[in-house]
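Colleague: Now for the letters of each chain:
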Amino acid sequence: MRGCGPAGVAVVRLDSIGKSYGAGADVLHDVSLTLEAGDFCCVTGECGVGKTTLLNIVTLAEQPSAGSLTLFDIDALAADRATRAALRRRIGIVFQDLRLLDHLSAGDNIALPLRIARVREDEIRDHVNELADWFGLAHRIEAHPPILSAGERQRVAVARAIVSRPELLIADEPAAGVDDETAATLAHVFERLNGLGTALLIATRDVALAQQFECRRLHLERGELTSPDSGAWQ
Amino acid sequence: MTLQNTGPLRLDLSLAGDPIGRVLCWVLALLGYLAVVGGIALVLLSSDIGEWDRSLGSSLTLQIPAEVSAARIETILALLRQTAGVRGARLLELAETAKLLEPWLGPAAATATLPIPRLVDVQVDPKAAIDIADLRQKLSSVAANIQLDDHRQWLDNARSTAIRLASLVAAGIAIVTLSAAALTAALTRARLAVRRETIELLHLIGAADGDVARPFQADALRRGLLGGAIGAAAALVTWLVVSGVMPAHALPAVVAWSDWRLWGVTIAAALVAGLVAMVAARITALRRLSLMP
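Quick note, the sequences are listed as chains A and B, same order. Residue 144 in our numbering sits at position 144 of the first sequence, with consecutive numbering throughout. Residue 137 in our numbering sits at position 137 of the second sequence, with consecutive numbering throughout.
Okay, chain A solo, but in the shape it has when bound:
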């Protein structure tokens, strides 16, 4: 585990998190996880084991049924709405379904977190253009998502997630359905970003992808998080 942020400041701390829907079985059971600044963690697991639910809890999209969640040393579950919004602005998210807005151009999609953070328009333009170059999207900046290829859409989604230099990047199946070149680009981006001190939490069912990274690997099965050393992984 690497840490290049302030000593002892946990970016994410999940403590005995449980999640169930209605009277059904627990999707997550007693899950604990701590990420500090600069940490890189991959969670693997089959479809439907609760990876997305776990990420949704970290991104404050869902409330856990049990346990506590601390983000940037703030009790996220007890925080008021304004604080929760401010916490979300410190997190970049690559959604499994990308969630690009079709009525906005690729450039405006990428710019959204900066606009929400009220960054100056000229700076937004600079950042977006720079990132579009980096992702090989410069010629597609005015294009709208429906006419982009799957790989281009994935790159726009990742660019949007990192444009505001988040302290924590969450990615749900970031390389699903993309070509090898895009997958390699994304892997490179994640490593660069992590090298700059951003904590990364990636969920994927693709064990090979997780093995590409020099990261802490955890496995989610039957609602419980285990490390490969326990034998549950691989």
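Be careful, since some hints might not be right.
Claimed, not checked - Example chain B residues on the side facing chain A (calculated, C-beta under 8 Å, incomplete):
no., residue
1, D12
2, S14
3, A16
4, E197
5, T198
6, L201
7, I205
8, A207
9, A208
10, D209
11, L291
12, P293
As the list claims (entries may be wrong) - Restraint ranges, calculated between C-beta atoms of paired labels, are given here:
no., chain 1, residue 1, chain 2, residue 2, range
13, A, C47, B, E200, 16 to 24 Å
14, B, L178, A, D122, 43 to 51 Å
15, A, T83, B, L168, 45 to 53 Å
16, B, R196, A, S65, 19 to 27 Å
17, A, D122, B, A234, 45 to 53 Å
18, A, D80, B, A234, 41 to 49 Å
19, B, S290, A, W134, 32 to 40 Å
20, B, R22, A, A187, 22 to 30 Å
21, A, S32, B, V194, 36 to 44 Å
22, B, L168, A, A86, 49 to 57 Å
23, B, S290, A, R192, 37 to 45 Å
24, B, V194, A, T34, 36 to 44 Å
25, B, A186, A, E214, 53 to 61 Å
For the record, the hints were derived by calculation from the structure and aren't laboratory data. These numbers were taken from a predicted model, which means no experiment stands behind them. Ideal placement from N, C-alpha and C gives every residue a C-beta, glycine not left out.
Assemble the complex: chain A is given as a structure, and chain B must be docked to it using the hints.
Modeller: Relative to chain A, chain B alone:
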């Protein structure tokens, strides 16, 4: 990165060309129309009450039985003119009295053969406190069966009827306003539902509730002002047509186009439509957003 910190955040939620927004505008135009028609009715009623107070509050009508002699009538007129607060007393000619009776007796009424009472129009200073009971007593001492009418009872009845009518119209305007708020809320819920995915995304990447609600409230304000103005203009046209087509005596009162109250009602309706739509949209959007974790 430098923060802008100038003005509100502008999120593009494609509200400008939204068909639900157009519906909102026309619904508010209809309600604005009804509110302004009600407002004009209130202006007319208040004009009526004012006019009655002015005209009847400054006059008395004296009815003298037909058999009273001319000499006694002269004594009565002298007594009236000497009374403090009385500005003048005019005995109506028999022909004038016959004209007043025409709606009941017809034009061929034989005034010479009928015992028609003589009427005296007494003009009084509205500020003077005339002791009507004392005046009645003095007049009765000159001639029996004299009736002095200060119109108080009729005026009180008419005013009370007008106030009841005005309350009814005001309640109607209040219902129209509440309906505008409720319909704006319902249409805002539909607009939020159509953009659910976009709003969820904005919420998840850190947009504050107020920032997401702002485009909805701003658009509702714009459409409310526009709809209210359209409705108000249509109501004014209606009033123009009605006042032009109907005979003057059929209208309860005449309100001049230069009357500031007419324009006040019109402008107020547009402003209130905008304000109600804005507040309803904001509350609805914030309540919906508060359901998100």
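Colleague: Please write out, lowest number first, the hints stated earlier that are contradicted by the structure.
Modeller: 3, 11, 20
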